[in-house]
Amino acid sequence: MKDNFYENIKVSVILTSLYLVLLSGCKNKESDTIELNKVNTENEVSIGTAQTNDYAVEAPPFSDGIFPCTDCHKNLIPNPVRRVLVDWHDDISAMFNHDSENRWCLDCHDLKNRDSLRLASGKLLDFKESYKLCGQCHGEKYRDWKVGVHGQRTGEWNGKKEYLLCVNCHNPHSPKFRELTPEAPPIMQEDIK
Amino acid sequence: MKNENSRRSFIKNISLATFSALALSGCNTKAFDDFLQQNFKTLSKKEKDIIIKNLGIKYKEKYGKEFHISDKPAIDGTLFGYALDLSRCVGCRRCVYACVKENNQSREPQIHWIEVLQMEKERGIDFAHSTAQYNPEKVPEKGYFYVPVQCQQCKNPPCVKVCPVKATWQEPDGITVIDYNWCIGCRYCMAACPYGARHFNWGEPDVPVEELNTEVHYLGNRPRMKGVVEKCTFCIQRTREGKYPACVEICPVGARKFGNLLDPDSEIRYILENKRVLILKQELNTQPKFYYFFGI
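Here the protein sequences come in this chain order: A and B.
Sequential numbering of the first sequence, starting at 1, is according to our numbering.
Sequential numbering of the second sequence, starting at 194, is according to our numbering.
No lab work stands behind these hints, which were simulated from the structure alone.
Here the structure is a predicted model, which means the values were calculated and not measured.
Here a beta-carbon is modelled for each residue, glycine too, at the ideal position from N, C-alpha and C.
A couple of the hints might just be wrong.
As the list claims (entries may be wrong) - Here are the computed lysine-lysine pairs in the DSS-like style, where the Cα-Cα straight-line distance is at most 27 Å:
{"#": "1", "chain 1": "B", "residue 1": "LYS294", "chain 2": "A", "residue 2": "LYS160"}
{"#": "2", "chain 1": "A", "residue 1": "LYS141", "chain 2": "B", "residue 2": "LYS359"}
{"#": "3", "chain 1": "A", "residue 1": "LYS176", "chain 2": "B", "residue 2": "LYS335"}
{"#": "4", "chain 1": "A", "residue 1": "LYS161", "chain 2": "B", "residue 2": "LYS436"}
{"#": "5", "chain 1": "B", "residue 1": "LYS238", "chain 2": "B", "residue 2": "LYS335"}
{"#": "6", "chain 1": "B", "residue 1": "LYS468", "chain 2": "B", "residue 2": "LYS359"}
{"#": "7", "chain 1": "B", "residue 1": "LYS265", "chain 2": "A", "residue 2": "LYS161"}
{"#": "8", "chain 1": "A", "residue 1": "LYS146", "chain 2": "B", "residue 2": "LYS436"}
{"#": "9", "chain 1": "B", "residue 1": "LYS419", "chain 2": "B", "residue 2": "LYS253"}
{"#": "10", "chain 1": "B", "residue 1": "LYS468", "chain 2": "A", "residue 2": "LYS141"}
{"#": "11", "chain 1": "B", "residue 1": "LYS335", "chain 2": "B", "residue 2": "LYS314"}
{"#": "12", "chain 1": "B", "residue 1": "LYS468", "chain 2": "A", "residue 2": "LYS132"}
{"#": "13", "chain 1": "B", "residue 1": "LYS265", "chain 2": "B", "residue 2": "LYS419"}
{"#": "14", "chain 1": "B", "residue 1": "LYS239", "chain 2": "B", "residue 2": "LYS253"}
{"#": "15", "chain 1": "B", "residue 1": "LYS331", "chain 2": "A", "residue 2": "LYS176"}
{"#": "16", "chain 1": "B", "residue 1": "LYS354", "chain 2": "B", "residue 2": "LYS255"}
{"#": "17", "chain 1": "B", "residue 1": "LYS468", "chain 2": "A", "residue 2": "LYS160"}
{"#": "18", "chain 1": "A", "residue 1": "LYS160", "chain 2": "B", "residue 2": "LYS331"}
{"#": "19", "chain 1": "A", "residue 1": "LYS161", "chain 2": "B", "residue 2": "LYS294"}
{"#": "20", "chain 1": "B", "residue 1": "LYS468", "chain 2": "A", "residue 2": "LYS146"}
{"#": "21", "chain 1": "B", "residue 1": "LYS314", "chain 2": "A", "residue 2": "LYS176"}
Said to hold, decoys possible - A few chain B residues facing chain A, derived, Cβ under 8 Å:
{"#": "22", "residue": "GLN326"}
{"#": "23", "residue": "TYR327"}
{"#": "24", "residue": "ARG469"}
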């Protein structure tokens, strides 16, 4: 009889905990969907609001091993004098074509915080938010990019959209869009058998 | 009166006899079912399900692959619109081949739903002097601009009007579709389309099995047969699932934009409200939902 009593308690405890687990599971699910709905009803554009960036963007296209910059720069004494770089980053110097008459490295890169970009105001900026830096001058493009009219867009037309950073298509040091090799032309009508 | 009645019953009887003879002679019953299949638009949900199931089996036999065939109807409250930025398009033709792949277009004989026309800047939009055959090392070429043309998804589609069997129609979300099984291949629609957007399967379509896209829509990219007309459906199999058309996603310059015209917050509405927009052959009153604009 006693055995049976304990058995019963055991069963009921197990059942209750199972129920609780189920309940909490359902609750989680519910809150998830609410979250989703909220996102959907708001302007679709403002999705992926991590603390660092306001848009869900692709990672910046760093060359292999170049980032973090401090790996090398921590051992170097910063030199704020404008000059043409020769012994390092000479490839960038060679291609630099982004208002090169008036600008150089430290107009966008920060002298002290090498792993950050820098706005004209002096505010530091993560590389993931580089679009804000580009937007300082290219306001119209920034405006169109934000609403999804400038630039490539993937994701869902009625839901979550993924953005590319400006620098995913434009080399920040030489931003003119590169020429492309076209795919094969269609077969001429008279050549169709 | 009596005479006519008897003639009618004669015809009835003879056709019944033919059908039963056909059935008895061991003719493939599936082919027979295909032959008797009604216009897709008139079918009930149950009938559609059976047809799609059989089609899946047929494709499996033919290509050795499992197809996921959808017949998803239009999403309520959507009217699809498309915009193409003429100031950005560089004429690289990535869209043409992404479309071919996504939509199982025949490689041989070749069918392209998108045709990219190269036009001289000096002439402006001038179809008579445009070419789709340009083939330089690099694009864009100096002095030229590019106008990709595909189905314009007209609000007033002449192709639908001329179809003698109603095998093509406009769906509630604005996509003009074709029931390939109902199409008789008369090609009236091709003659009626002012954009050259419809294409005919002159031969048995040839798509390499390993390149087949098995995510298909019944009214869209499912494998077609010889003797039917096909065209762009705004990637109905993708867009009704919320995705962008394949050409939008592939475009390396981001010239292609797509969205819901009924949603005031959509990209497409932003373009219509804020950019200079044009439609092709406006004077024909076809009212395309495919807009060209200048993003710069």
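How the hints compare with the structure:
1. B:LYS294 - A:LYS160: holds, 25 Å
2. A:LYS141 - B:LYS359: Not OK: A:LYS141 and B:LYS359 at ~45 Å, beyond 27 Å, violated.
3. A:LYS176 - B:LYS335: OK: A:LYS176 and B:LYS335 at ~15 Å, within 27 Å.
4. A:LYS161 - B:LYS436: With a Cα-Cα distance of about 10 Å, the restraint between A:LYS161 and B:LYS436 holds, given a limit of 27 Å.
5. B:LYS238 - B:LYS335: violated, 54 Å
6. B:LYS468 - B:LYS359: violated, 37 Å
7. B:LYS265 - A:LYS161: Holds. B:LYS265 to A:LYS161 sits at ~22 Å (cutoff 27 Å).
8. A:LYS146 - B:LYS436: holds, 19 Å
9. B:LYS419 - B:LYS253: holds, 19 Å
10. B:LYS468 - A:LYS141: Between B:LYS468 and A:LYS141 the Cα gap is close to 13 Å, so the pair holds against 27 Å.
11. B:LYS335 - B:LYS314: holds, 9 Å
12. B:LYS468 - A:LYS132: Given that 27 Å is the threshold and the Cα spacing comes to 23 Å, the pair holds.
13. B:LYS265 - B:LYS419: Given pair B:LYS265, B:LYS419 holds - Cα atoms ~25 Å apart, limit 27 Å.
14. B:LYS239 - B:LYS253: Holds. B:LYS239 to B:LYS253 sits at ~21 Å (cutoff 27 Å).
15. B:LYS331 - A:LYS176: holds, 15 Å
16. B:LYS354 - B:LYS255: violated, 34 Å
17. B:LYS468 - A:LYS160: Judged against 27 Å, a Cα distance of about 24 Å means the pair holds.
18. A:LYS160 - B:LYS331: violated, 34 Å
19. A:LYS161 - B:LYS294: holds, 23 Å
20. B:LYS468 - A:LYS146: Holds, at roughly 15 Å.
21. B:LYS314 - A:LYS176: Given pair B:LYS314, A:LYS176 holds - Cα atoms ~20 Å apart, limit 27 Å.
22. GLN326: Interface hint status for B:GLN326: holds (5 Å vs cutoff 8 Å).
23. TYR327: Where the cut-off is 8 Å and the nearest Cβ of chain A is about 7 Å from B:TYR327, the hint holds.
24. ARG469: violated, 13 Å
This entry does not satisfy hints 2, 5, 6, 16, 18 and 24, going by the numbered hints stated previously.
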